[in-house]
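Protein chains in written order, with the numbering used here: chain D, 1 to 246; chain A, 1 to 246.
Read the hints as simulated data drawn from the structure, not as lab findings.
Keep in mind that the hints are not guaranteed to be accurate.
To be verified - With a Cα cut of at most 25 Å, we get these calculated DSS-like pairs of lysine-lysine: (1) D:LYS31 / D:LYS82; (2) A:LYS206 / D:LYS82; (3) A:LYS17 / D:LYS147; (4) D:LYS206 / A:LYS8; (5) D:LYS147 / A:LYS82; (6) A:LYS16 / D:LYS16; (7) A:LYS147 / D:LYS82; (8) A:LYS206 / D:LYS4; (9) A:LYS31 / D:LYS82; (10) A:LYS206 / D:LYS77; (11) D:LYS82 / A:LYS16; (12) A:LYS147 / D:LYS17; (13) A:LYS17 / D:LYS206; (14) A:LYS147 / D:LYS147; (15) D:LYS31 / A:LYS206; (16) D:LYS17 / A:LYS17; (17) D:LYS218 / D:LYS17; (18) A:LYS206 / D:LYS206.
Claimed, not checked - Covered stretches of chain D (in silico footprint by chain A; criterion: 3 or more residues with CB under 8 Å from a CB of chain A, positions within the stretch not fixed): (19) 22 to 30; (20) 97 to 109; (21) 207 to 219.
What the hints assert, rightly or not - The following label-pair restraints were derived from C-beta to C-beta distances: (22) D:LYS218 / A:LYS8: 19 to 29 Å; (23) A:SER5 / D:GLN76: 15 to 25 Å; (24) D:ILE225 / A:PHE189: 12 to 22 Å; (25) A:ALA213 / D:GLY185: 51 to 61 Å; (26) A:PRO223 / D:LYS218: 21 to 31 Å; (27) D:ALA93 / A:ASN95: 45 to 55 Å; (28) D:ILE225 / A:MET214: 23 to 33 Å; (29) D:ASP66 / A:ALA213: 22 to 32 Å; (30) A:GLU42 / D:LYS4: 56 to 66 Å; (31) D:LYS16 / A:ASN165: 28 to 38 Å.
Using N, Cα and C, we set each Cβ at its ideal position, and we do this for glycine too.
Number of protein chains: 2
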Amino acid sequence: MLSKSDVKYIQSLSHKKYRDQEAVFIVEGVKMVLELISSFPERIVRIFATNIWFQEHGQIVKNLTDIHIVEPFELQKLSFLKTPNEVLALVSANNLDDFNPLSDGVTVVLDQLQDPGNMGTIIRSCDWFGIKNIVCSLDTVDAYAPKVVQSSMGSIMRLNIFYRNLPEFFFQHKQMPVYSAELSGESVFEVSFETPSILVIGNESKGVSDEVAMFASKKIMIPRIGNAESLNAAVASSIILSLMTR
Amino acid sequence: MLSKSDVKYIQSLSHKKYRDQEAVFIVEGVKMVLELISSFPERIVRIFATNIWFQEHGQIVKNLTDIHIVEPFELQKLSFLKTPNEVLALVSANNLDDFNPLSDGVTVVLDQLQDPGNMGTIIRSCDWFGIKNIVCSLDTVDAYAPKVVQSSMGSIMRLNIFYRNLPEFFFQHKQMPVYSAELSGESVFEVSFETPSILVIGNESKGVSDEVAMFASKKIMIPRIGNAESLNAAVASSIILSLMTR
Numbered sequence: 001m002l003s004k005s006d007v008k009y010i011q012s013l014s015h016k017k018y019r020d021q022e023a024v025f026i027v028e029g030v031k032m033v034l035e036l037i038s039s040f041p042e043r044i045v046r047i048f049a050t051n052i053w054f055q056e057h058g059q060i061v062k063n064l065t066d067i068h069i070v071e072p073f074e075l076q077k078l079s080f081l082k083t084p085n086e087v088l089a090l091v092s093a094n095n096l097d098d099f100n101p102l103s104d105g106v107t108v109v110l111d112q113l114q115d116p117g118n119m120g121t122i123i124r125s126c127d128w129f130g131i132k133n134i135v136c137s138l139d140t141v142d143a144y145a146p147k148v149v150q151s152s153m154g155s156i157m158r159l160n161i162f163y164r165n166l167p168e169f170f171f172q173h174k175q176m177p178v179y180s181a182e183l184s185g186e187s188v189f190e191v192s193f194e195t196p197s198i199l200v201i202g203n204e205s206k207g208v209s210d211e212v213a214m215f216a217s218k219k220i221m222i223p224r225i226g227n228a229e230s231l232n233a234a235v236a237s238s239i240i241l242s243l244m245t246r
Numbered sequence: 001m002l003s004k005s006d007v008k009y010i011q012s013l014s015h016k017k018y019r020d021q022e023a024v025f026i027v028e029g030v031k032m033v034l035e036l037i038s039s040f041p042e043r044i045v046r047i048f049a050t051n052i053w054f055q056e057h058g059q060i061v062k063n064l065t066d067i068h069i070v071e072p073f074e075l076q077k078l079s080f081l082k083t084p085n086e087v088l089a090l091v092s093a094n095n096l097d098d099f100n101p102l103s104d105g106v107t108v109v110l111d112q113l114q115d116p117g118n119m120g121t122i123i124r125s126c127d128w129f130g131i132k133n134i135v136c137s138l139d140t141v142d143a144y145a146p147k148v149v150q151s152s153m154g155s156i157m158r159l160n161i162f163y164r165n166l167p168e169f170f171f172q173h174k175q176m177p178v179y180s181a182e183l184s185g186e187s188v189f190e191v192s193f194e195t196p197s198i199l200v201i202g203n204e205s206k207g208v209s210d211e212v213a214m215f216a217s218k219k220i221m222i223p224r225i226g227n228a229e230s231l232n233a234a235v236a237s238s239i240i241l242s243l244m245t246r
């Protein structure tokens, strides 16, 4: 049985302000919650599950005391998904130490990225290609928004995501090469990528902002053969990361 | 002023059955409709626009007779977007001749792809990399569904998209090499891609089906460095296409 205050509390987590204040975010769906339980049990704050889910998976969560069995219609009230799943978890946000670039790795910088689906997909690709750190401009979409979390497919748990004033960030790390993804520049197939380095991905429609572009040591582009005006931002990032980490 | 029958007709186009029957689909938004007017004016059946849009762009559509000026609240009734834009166009579907592979190109085969956003992004990437033909299994998401059209960003107008029984299709084109994207196989960075050839992309969660996998001449994979369980289907397709068309 759900209390009104539970409902109100969880619904408040659709707002960045409350997610930040509480340092928690929401993960939904059987697959993602099971991954959470097996890989990051210490970060689970509470679980809301239907009886069906609990019958099937209750055994593996028996050490987690804070499990609430709810009716499907109650879960629907909490869910941010169109088709609510059987389970929803409150997860504590990553308590990040200060940014520490990998000695041989790539750091991805997102400059004013706006689309939650793109953000989630970039996080997932970063996780695939072994990237550990993403640094976002202060006006990039919040990585802990429900839609970002869902499209990251669990990868959000494994990455360090920072929000920074980007000009200050670049100034502090000016020894690192900065590759900026643009519509013109050197072909990504010709660049000899150095590491550690930074890859900058710009806004979906406006690209990399002027105040960030001035820190780029090299502008790079994915050669176009056909007629599309641009590539999806998550697609472009992933193509470049596949080559940088090859 | 919109008639009730206009509203009903356009709303019916959310269903594949009626899109097929009428051989039309819907394109929304200022940018996409302007591209449509400049590149494919002959395919525009009707335009519904607000007065604001018409004041600004009416000049360029003066030869298109079938323009309806509507109130913003009326456009809202027709729109499939969360935030309706100023203009919506009915566009005639591509009247396709039979599949004819490019003599030197790549054909993309989609096997049970389900997510409209992925489908649209794949169409956009295909257009970027100069792919002309996509062949879909009969149970792949409909390419003319509103969400697919929107995420293709106009590229859907420039591609030939076929729906076929895939085993029959492969049987008819058995002289072409078939590369199947999987989680294991030869690294995409090691394969010497031949053309003309076929790239097969599978379902988002189940991958390539058994009845299609048996036609693959080579299984290929994008090497994983980190921990994500898989890549987004549109991302994986695009990485492979960037290398196949390099």
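The hints, checked one at a time:
| no. | hint | result |
| --- | --- | --- |
| 1 | D:LYS31 / D:LYS82 | 17 Å, holds |
| 2 | A:LYS206 / D:LYS82 | 22 Å, holds |
| 3 | A:LYS17 / D:LYS147 | 30 Å, violated |
| 4 | D:LYS206 / A:LYS8 | 37 Å, violated |
| 5 | D:LYS147 / A:LYS82 | 15 Å, holds |
| 6 | A:LYS16 / D:LYS16 | 38 Å, violated |
| 7 | A:LYS147 / D:LYS82 | 15 Å, holds |
| 8 | A:LYS206 / D:LYS4 | 39 Å, violated |
| 9 | A:LYS31 / D:LYS82 | 28 Å, violated |
| 10 | A:LYS206 / D:LYS77 | 30 Å, violated |
| 11 | D:LYS82 / A:LYS16 | 21 Å, holds |
| 12 | A:LYS147 / D:LYS17 | 30 Å, violated |
| 13 | A:LYS17 / D:LYS206 | 37 Å, violated |
| 14 | A:LYS147 / D:LYS147 | 17 Å, holds |
| 15 | D:LYS31 / A:LYS206 | 14 Å, holds |
| 16 | D:LYS17 / A:LYS17 | 44 Å, violated |
| 17 | D:LYS218 / D:LYS17 | 36 Å, violated |
| 18 | A:LYS206 / D:LYS206 | 36 Å, violated |
| 19 | 22 to 30 | violated (count 0) |
| 20 | 97 to 109 | violated (count 0) |
| 21 | 207 to 219 | violated (count 0) |
| 22 | D:LYS218 / A:LYS8: 19 to 29 Å | 55 Å, violated |
| 23 | A:SER5 / D:GLN76: 15 to 25 Å | 35 Å, violated |
| 24 | D:ILE225 / A:PHE189: 12 to 22 Å | 19 Å, holds |
| 25 | A:ALA213 / D:GLY185: 51 to 61 Å | 39 Å, violated |
| 26 | A:PRO223 / D:LYS218: 21 to 31 Å | 24 Å, holds |
| 27 | D:ALA93 / A:ASN95: 45 to 55 Å | 53 Å, holds |
| 28 | D:ILE225 / A:MET214: 23 to 33 Å | 31 Å, holds |
| 29 | D:ASP66 / A:ALA213: 22 to 32 Å | 44 Å, violated |
| 30 | A:GLU42 / D:LYS4: 56 to 66 Å | 58 Å, holds |
| 31 | D:LYS16 / A:ASN165: 28 to 38 Å | 48 Å, violated |
In terms of the numbered hints stated before, the structure departs from hints 3, 4, 6, 8, 9, 10, 12, 13, 16, 17, 18, 19, 20, 21, 22, 23, 25, 29, 31, listed from lowest to highest.
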